[in-house]
Every structure is written in C-alpha cells, then in structure tokens.
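> In case you want the letters, here they are:
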Amino acid sequence: MAPGKKKKKKGLAWRAQLIMIFVLLAAIAAMPTTVLLCIGMLPTLVAWFIDRTKERTRALTVGAMNAAGCTPFILQLWMSSNTLQNSLMIITDPRTVIVMYCAAGVGYLIDWAISGLVGSVMVQRATSRRDQIAKRKAALAERWGPEVTGDIPLDQYGFPIDESARNDRPAPKKTRN
Amino acid sequence: MSDIETQKSASAAPLQSAESEAASANSAAAEKIANFAGQFFVHTEKRLNHFDQGPVKAYAASGLSDVSQVTHYALICEPHLTPRSRSAAAFAGLASPNIIKLVATGPMFWPPARGERYVFIYENTVGQPMVPEGQFQGLGWKPEVVQLNVVKSLVHALLDMRDADIVHGNIRPSNMFAIGPAGGVDRVILGECLSTPSSYAQPAMFETIERAMADPIGRGPPVIDDDLYALGVSLAVILRHRDPMEGFTDEQIINHKIDQGSYIALTGKDRFSGDILELLRGLLNDDRVQRWNLEDIMGWMDGQRLTPKQGIKKIKAARPVHFMEERYFRPALLAMDLTKNQSEAAQLVESGNMEQWVSRSLEDPAVQKRLDAAIETTSELGRGAGYWDRLLCRVSIALDPEAPIRYKTIRVHPDGVGVAMTDAVLTKKDIQPYVDLITHQTVMFWVTAQGDTPVDIGTIVTRFDSCRSFLRQQNIAYGLERCIYFLNPECPCLSDKVKGYFIRDPEDLMRAFEKMSTLSSRPELFIDRHIAAFISVKERQNIDPYLIELNADEMYKRVIANVKVLATVQQRGRMEKLPGVCRWISQILDPAYERFHDRELRQSVKTKVNQLAETGDISKIVAMLDSQSAAQKDTEAYNQARSEYHRLNIEDSRLEAKLKHPEQFSQGIGREMAALASCLVAGITILGFVYMVYSKGTLF
Numbered sequence: 001m002a003p004g005k006k007k008k009k010k011g012l013a014w015r016a017q018l019i020m021i022f023v024l025l026a027a028i029a030a031m032p033t034t035v036l037l038c039i040g041m042l043p044t045l046v047a048w049f050i051d052r053t054k055e056r057t058r059a060l061t062v063g064a065m066n067a068a069g070c071t072p073f074i075l076q077l078w079m080s081s082n083t084l085q086n087s088l089m090i091i092t093d094p095r096t097v098i099v100m101y102c103a104a105g106v107g108y109l110i111d112w113a114i115s116g117l118v119g120s121v122m123v124q125r126a127t128s129r130r131d132q133i134a135k136r137k138a139a140l141a142e143r144w145g146p147e148v149t150g151d152i153p154l155d156q157y158g159f160p161i162d163e164s165a166r167n168d169r170p171a172p173k174k175t176r177n
Numbered sequence: 178m179s180d181i182e183t184q185k186s187a188s189a190a191p192l193q194s195a196e197s198e199a200a201s202a203n204s205a206a207a208e209k210i211a212n213f214a215g216q217f218f219v220h221t222e223k224r225l226n227h228f229d230q231g232p233v234k235a236y237a238a239s240g241l242s243d244v245s246q247v248t249h250y251a252l253i254c255e256p257h258l259t260p261r262s263r264s265a266a267a268f269a270g271l272a273s274p275n276i277i278k279l280v281a282t283g284p285m286f287w288p289p290a291r292g293e294r295y296v297f298i299y300e301n302t303v304g305q306p307m308v309p310e311g312q313f314q315g316l317g318w319k320p321e322v323v324q325l326n327v328v329k330s331l332v333h334a335l336l337d338m339r340d341a342d343i344v345h346g347n348i349r350p351s352n353m354f355a356i357g358p359a360g361g362v363d364r365v366i367l368g369e370c371l372s373t374p375s376s377y378a379q380p381a382m383f384e385t386i387e388r389a390m391a392d393p394i395g396r397g398p399p400v401i402d403d404d405l406y407a408l409g410v411s412l413a414v415i416l417r418h419r420d421p422m423e424g425f426t427d428e429q430i431i432n433h434k435i436d437q438g439s440y441i442a443l444t445g446k447d448r449f450s451g452d453i454l455e456l457l458r459g460l461l462n463d464d465r466v467q468r469w470n471l472e473d474i475m476g477w478m479d480g481q482r483l484t485p486k487q488g489i490k491k492i493k494a495a496r497p498v499h500f501m502e503e504r505y506f507r508p509a510l511l512a513m514d515l516t517k518n519q520s521e522a523a524q525l526v527e528s529g530n531m532e533q534w535v536s537r538s539l540e541d542p543a544v545q546k547r548l549d550a551a552i553e554t555t556s557e558l559g560r561g562a563g564y565w566d567r568l569l570c571r572v573s574i575a576l577d578p579e580a581p582i583r584y585k586t587i588r589v590h591p592d593g594v595g596v597a598m599t600d601a602v603l604t605k606k607d608i609q610p611y612v613d614l615i616t617h618q619t620v621m622f623w624v625t626a627q628g629d630t631p632v633d634i635g636t637i638v639t640r641f642d643s644c645r646s647f648l649r650q651q652n653i654a655y656g657l658e659r660c661i662y663f664l665n666p667e668c669p670c671l672s673d674k675v676k677g678y679f680i681r682d683p684e685d686l687m688r689a690f691e692k693m694s695t696l697s698s699r700p701e702l703f704i705d706r707h708i709a710a711f712i713s714v715k716e717r718q719n720i721d722p723y724l725i726e727l728n729a730d731e732m733y734k735r736v737i738a739n740v741k742v743l744a745t746v747q748q749r750g751r752m753e754k755l756p757g758v759c760r761w762i763s764q765i766l767d768p769a770y771e772r773f774h775d776r777e778l779r780q781s782v783k784t785k786v787n788q789l790a791e792t793g794d795i796s797k798i799v800a801m802l803d804s805q806s807a808a809q810k811d812t813e814a815y816n817q818a819r820s821e822y823h824r825l826n827i828e829d830s831r832l833e834a835k836l837k838h839p840e841q842f843s844q845g846i847g848r849e850m851a852a853l854a855s856c857l858v859a860g861i862t863i864l865g866f867v868y869m870v871y872s873k874g875t876l877f
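Sequences listed follow chains A and B, in order.
Anchor point for the first sequence: position 166 equals 166 in the numbering used here, and the numbering is continuous, going up by one each time.
Plus 177 on top of the position in the second sequence (first one is 1) and you've got the numbering used here.
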C-alpha cells in the first residue's frame, strides 16, 4: 500500500506542477491582465492568509465579490488595447482600486451577515431539537421505565437487578432430617 | 349411597362466601344447630355419649322435616385423627341389617370449633350399646343365646363387610347394639368404624397382642384376622361372668396375654363347654395362621366340629435374662421393655449378655440371626448421636419381629406411620422420630425380620423407599410434607393457609380458596409446602409441571406458577366457575405484570385480567399472562426503545457540545452559506458586466 500511495502523491504533485507551469505561462502570456488582477485581488490574498479554517470559506466569499469588482476593469482592458501600459493606467486610477476593494468589502459584509444569521438560526434549531429529544426521552422512560435509559444495571432479561432482588423469596426451610 | 352422592353434589354446589357462611354459622350457633349440607341439622348441645368413639363425640341429628325428632346421630371427627373417609362410600353401601346405617358423610361447618369438621351421620335406631364404654367385666349371657343371635348377626355383618372390602377394626361390645324385645336379643347390630383411624378407639384388650403393643394411633389398618380376634374377645366378654384382668393397664393386659395366651387371659376362671368353647378357642388363637377365619366359623355354624389348637405363640427361653431387676423369659416381653431403661438396655447388648442369652437360653437361630443383623446394621450407620436409640429399636425388632417398631417414644406398625405422623404434626408432637424411622431404614430392617405377616411387604418397601427420597429433597412438594400425604392417603390438607377447612382433594382446596377469597385475613399466595405436597400426591399432573417455577427465587415466577396450578386443577377437575379465586388472583398479579417492559401493556393486560376474573375461569387468565407472542413483541419493542434512547442520548450530547460554542455554527455552515451567496452574487454581477460590454452598453 505504501508504495502505491507514494506513487499517487507523486502523480498529484506532478499534475499540480504541470498546472502551475501552465498558469505561469498563461500569466506571462497575459501580463496586463495579470498585473491588474495582482493589484485588484490583494484583499482576497489577505483574506486567504487571515482565514485559518480548513475550507477557507471566508477567502472564497471575499474572493468571489473581489473578482466581481475586478471584472469591469478587466473587460475595459480587454476591450481597449490589452497592453501593460494600459493596464498600469487603469490600475493607477484610484477609482479602480476603490471599486475593486469595495467589492471585496462587500464580500466581507456578506460573510459577516450571512454567517451570523445562519449561526443564530442553527443555534435556535439545535435548542429546539434538544427540547424534542428531552421530551421523547421522558416519554420512553415513562413507557419503558428507568431501565430503558441504560443507566441502571439490568439482568439478562433487561429488568433492573435491584427489582429482582426486592422480590426475592423468603429463605427456604431448613432440612429436618 | 344416594345420600353420599347428594352430599357430594351439595358440597360442589355454588359456594357461599366465607363471611356469609360465618354469619350463618353464627346464627346457627345461636340456635345451637349446625346445618349439614341442607340435609340434616346437628344439635351442637345434644350429646349422645353412648355413640362416642374415643375422643370423637356424637351429637343428636335430625332431618329437615322435624328438627325436634332425633332420628340420627352425627360423629364429629377430630382434626388430628384422620377419618376413614375413603371407606365411607362402601360402608354406606352395605345393605346389611346387622351393621349400623351410614346415611351421609362429608365436611361440615362446626360452630363450636369455628371451622369445618368431617362428619359421619348414622341412623339412630339402635338404642344403647350392649355395654357402656370401658365396662367390659362380663355379661354372662347364655352360650345358646350368643350362638344363635349374637354370633350369627356378627358373622353375617363381617361377611357383608368382607364382600365390600372393608375391615371393621372397631369390634367390641360397647360398639354393638342388641335388638329385640325387652330382656331378650333377636340380633346384634355392629356399630361404626370410620370416624377414627383404624382401631384407634379400640381398647388394647380387643386387639391382638402385636397390634395392642402399638400406640393406638400407630396400629395401622387391620386385616380380617384382627376383626375375628376382636369378635372372639367380644364374645368372651359377653359370655364370661367376670373380668380376669380387671384393673389391668394396657401393658399388663399384653403381658398377661403373652404369658397365658389370649383365651386363658380373657376367660380366666370361666369355663365354657361344647360348641362355644371351640369358637372362642378358634377366634382367640394368638397364632394368626391357626386363628379361625370366616369359612371356619361358617362351617362351625353349619355344625362342623373343629378342634382348634390352643397354645401360646410367643416363644420362651429356658433361663431368664435379668433386666431392670426383673427376670425375662420371653423375648417379646423383653423387647417391649427395652426402651424403658436405655442405659441398662445398652449395657445388656454391649456386654454381650443379650447375645449370650439368645444363643444359650433361647436357642432360636432365627432370633440369633436377627440380633446379629440388628447390631451389625446399626453399627454401619455409625455410632454418632442416636446410636443407642437405633440399636435398641432394631434389637427389639430382632427379639419380636411381629411387634410394632419401637423407636424413642413411638410404637408404630409401618402401615400406621402415616396416620401417626399426621397426628404428631397436628398435635405439635415431636416429628423427628418418624423422620429417623424413614431415613435410617428402620422399616426396611423390620421388613427383613418378618416371617409370615399379613401385610404387603412389597408395598411397604416401595413406600418407604419413596419417602426416603422425598426427605432428601427439600424443594416445595417434597420433604416431610409429601411423606405425610404419601403415607396417609386419607389425610386432609394440613396447610395453615386452609386451617379451618377440611380438604380431601384438590377440588375441595379450590372451593376453600373460593370461600376465603373475600376474607381480609386471606394469605397472599395460594400454594405452600403442604398444599404443593398434597396436590402432588393426589394428582401429579396438576402441579408437577410447575414445580420448578414454584421453587424459583423470582416472585413473579412463583405467582404465575401458583395461578397455573389453580388453573390446571380447575380444568382437570372440570370444576365450576370460581370468580372469587379469579379476583384474588387478579390482586396478586403485580409481579407478573411487571415482567412486561411496556407500562402501557401492563395496564392493558391488568385491565383485561380484571375483566376475565369476573368469568371465574382461571385458564383464561393464564392464557393472558402466558402469551409468548405478547412477551416476544414486548421484548422486541423494548429493545428498540433502548436503541432509540441511546441514539437520542448521543444526539443530545452532540448538540449540547455544539451549543456550548455557538460561534462554531457561524464558522461552519454560516460561512459556507455566505460563500455560496457571495459566489452567486458575484456570478450574477460578472455576467451582468459581460453582457453590458458585449451588448455595447444597451440592455437587451
């Protein structure tokens, strides 16, 4: 198994390396867009490093809105002359950066608002479910007795051992002979 | 016989509650009249002493038509003296004019005792007995009158009884009634014999030497030979002019009979001649083999003349042995007295003097052989506690094997052990000697010592072997209680639970429970050791399948087993409905209900059982409680409930843990939702920009 896993890991690394090379080549090939994105997507990069969760969902939230904020300027670049000079000109326009970063801010806003809202709904639901569970457990205990809880020792038939002992018969008569 | 049957059916009739019976009993007591099954009134304060049978008292009884007319008399049996109830039907069926007529029998509520007593009701048409009880000096009747009227009547009575397979065991002049004109006798009527154990009321004089040696309670059932001997003694009393043994104690009477032989001992100086002499000698022969039987008497009555041998049966030694400063020539007398002084008797045996006397003076190899066996077998049982009692018991058997077993304070024939044990239990006497007799195989030794004996040896061996095995088991339905009912089949149930009731069979027991069902003092459970043993001996199938459950440690098993036994008795006996017993059962079933896990099912079953109780059919209650499918479903549902409870516990714990950190909800699902919303908004926005660009700023 171990050699197999190693082979798989090697395969993945090789594939990632290939993608990286491809992206790098694409970035070089589309240098004006790359420059625009590098500056415009900085909030996402920051969010990526700040977000310590495994899924990095906050970075995704911010990144999506940040990308939406960058889209009009990329389209402007692509629709005019797609040069490095034009790209620098667009990026150095303060309005561009403001729009891009504000969009990222909207992402943060969405993250804060929705996660808070969902969190409170979930707490509410969990509390409600716990109430239901308590009621159901009480109903079970009422119908099947305390032995259903599994908290008391039971005999082989599932009855409390103490109860059997309570019903114990009187001591048998001693032999007369 | 019809009266007997009527009585039986009357006792099976719908039962009154115990309290109403007690109330009616109270009123009856106030009127001094007890009601016997709606057939007879027994006057509780009108004693008829001349009909008494020992401790069993006779009372005046009358039919329903005229209470003041005393047409019958009732014998009210004592609880500790087992009546011969099994012979009652046969006795009532006797159509002999020479036997008192039994008209009804059965248990009856007896107000003075505040409980049930077994009662025999006889016709009161016989007047006074020939002699008052205990006054057997002699009547001096003429032999011709006796031969013609007394002997003929009594022999015909005995023939009728033999045909009905009954042995009387109570033949004596004080239990005979002369019928005839004033001053004369036409015939004699023989009195009753059922109200006490066999021969219990019979004075020692009227018993053969061997039976007289036994305690009255331990004589065992007689055989026809014993009746003929009693007939001979009775004739001797009627014929003789004076009692040669007047003032003698029972022991002195036995000694005198052994020394002189019964004929001489009973007739003394009275001299008889002719026919009657032959009869008396024939009947009073101490040798059972030589004694006349009914055919001999019939032959004698037809004129055949026999010459009976007359002699003393008990052997005698050439030289005496000294014991308790007395000289003993006869081993039978020595055997009688051995237990009077245990230390001296022990010394006699231990020193070898006894063996020496037997071998040199008695010169009877059979006795010698038995004595050796007695000493050897007793040693085999060990010289621990009770050794001397065991040894002297066996030595006395060796010396006089036909005598009863003498052990510690008891003197019993093996056939009488059951009745004697019953008496000992009810009168709170020491029961241990009887237990010892069984466990030490004393009866087996007695059996091996027997020569020609009228008792069925094989039956005795089997019975006492069984009893020994019963005593080894101490479970319910075994032990001493079973021995009592096994050895005394006529014994009523002795359980304290049914004290005050006379229980002859499991059906009687059920009816007693029905009467007790409304009493506040009723016990909790039905079956105890006595009742279990009683039912098991009477009808094994009624209880034996449930003995394991009856012996169980768990209360619910014992409760259900109790109910099952009652149901089986009711079903097998095809008994009437018993709603009182059913209601009683329904009130003790809580441990059985608790064997269902489901509380709702418990309540449902309880409700159904309460409804079924009104039907009086115990089997239906058992079917409800013993449903395997219901129990299985209950167990399955219970297991599912336990699994569900466990799952809920896990879920609850997980939720509880999460709720301790509510921010985890926003960090987890909340952020995922936010990312989703963000991606959606961003996607729409990007698409909007792209569309605007490619549509040159114009929408659509």
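Do not take every clue at face value.
In silico DMTMM-like cross-links for lysine to aspartate or glutamate, where the CA-CA straight-line distance does not exceed 20 Å [what the hints assert, rightly or not]:
hint	chain 1	residue 1	chain 2	residue 2
1	B	Lys546	B	Asp629
2	B	Lys278	B	Glu300
3	B	Lys837	A	Glu142
4	B	Lys605	B	Glu828
5	A	Lys135	B	Glu849
6	B	Lys810	B	Glu821
7	B	Lys493	B	Asp479
8	B	Lys734	B	Glu684
9	A	Lys137	B	Asp427
10	B	Lys278	B	Asp342
11	B	Lys676	B	Asp629
12	B	Lys810	A	Glu142
13	B	Lys835	A	Asp155
14	A	Lys135	B	Asp229
15	A	Lys137	B	Asp811
16	A	Lys137	B	Asp775
17	A	Lys135	B	Asp420
18	B	Lys278	B	Asp229
19	B	Lys810	B	Glu840
20	B	Lys734	A	Asp131
21	B	Lys491	B	Glu557
22	B	Lys783	B	Asp829
23	A	Lys137	B	Glu553
24	A	Lys137	B	Glu849
25	B	Lys319	B	Asp447
26	B	Lys783	A	Asp155
27	A	Lys54	B	Glu557
28	A	Lys137	B	Glu821
29	A	Lys137	B	Asp829
30	A	Lys135	B	Glu821
Each pair of labels, with its calculated beta carbon distance range [claimed, not checked]:
hint	chain 1	residue 1	chain 2	residue 2	range
31	A	Ile152	B	Gly292	21 to 27 Å
32	B	Lys605	A	Ile152	43 to 49 Å
33	B	Ile634	A	Ile161	28 to 34 Å
34	B	Leu702	A	Ile161	51 to 57 Å
35	A	Glu55	B	Lys810	32 to 38 Å
36	A	Ala29	B	Leu857	40 to 46 Å
37	A	Ile152	B	Lys810	43 to 49 Å
38	A	Ile152	B	Ile765	25 to 31 Å
39	B	Ile861	A	Val121	23 to 29 Å
40	A	Ser120	B	Ile765	54 to 60 Å
The set of hints was computed from the structure by calculation and includes no laboratory data.
Quantities reported herein were computed from a predicted structural model and do not represent experimental measurements.
Ideal Cβ positions, reconstructed from N, Cα and C, are used throughout, including at glycine.
> Are the Cα atoms of A/Lys137 and B/Asp427 separated by 20 Å or less?
With Cα atoms ~83 Å apart, A/Lys137 and B/Asp427 exceed 20 Å; violated.
> For the pair supplied as a hint, A/Lys137 and B/Asp775, confirm whether the alpha-carbon distance does not exceed 20 Å.
holds (15 Å)
> What's the verdict on B/Lys278 and B/Glu300, does the C-alpha distance respect the 20 Å limit or exceed it?
holds (6 Å)
> Check the following: the C-beta atoms of A/Ser120 and B/Ile765 are separated by a distance inside 54 to 60 Å.
holds (59 Å)
> Against the range 21 to 27 Å, how does the distance between the Cβ atoms of A/Ile152 and B/Gly292 compare: consistent or not?
violated (48 Å)
> Given the proposed pairing of B/Lys734 with B/Glu684, does the C-alpha separation stay at or below 20 Å?
Judged against 20 Å, a Cα distance of about 23 Å means the pair is violated.
> Regarding the pair B/Lys278 and B/Asp342, is the alpha-carbon distance no greater than 20 Å?
Cα-Cα ~17 Å, so holds.
> For B/Lys676 and B/Asp629, compute the direct alpha-carbon distance and say whether it is at most 20 Å.
violated (42 Å)
> Between A/Lys137 and B/Glu553, is the straight-line Cα distance small enough, at 20 Å or below?
violated (76 Å)
> Keeping to a limit of 20 Å between CA atoms, is the pair of A/Lys137 and B/Glu849 held or broken?
Between A/Lys137 and B/Glu849 the Cα gap is close to 33 Å, so the pair fails against 20 Å, i.e. violated.
> For the pair supplied as a hint, B/Lys837 and A/Glu142, confirm whether the alpha-carbon distance does not exceed 20 Å.
Distance ~29 Å between B/Lys837 and A/Glu142 Cα, so the pair is violated.
> Decide if the proposed pair is consistent with the structure: A/Lys137 and B/Asp811, CA atoms, cutoff 20 Å inclusive.
With Cα atoms ~18 Å apart, A/Lys137 and B/Asp811 stay inside 20 Å; holds.
Hints 3, 4, 5, 7, 8, 9, 11, 13, 14, 17, 19, 20, 21, 22, 23, 24, 26, 27, 31, 33, 34, 35, 36 and 37 from the list above are not met by this structure, while the remaining hints are.
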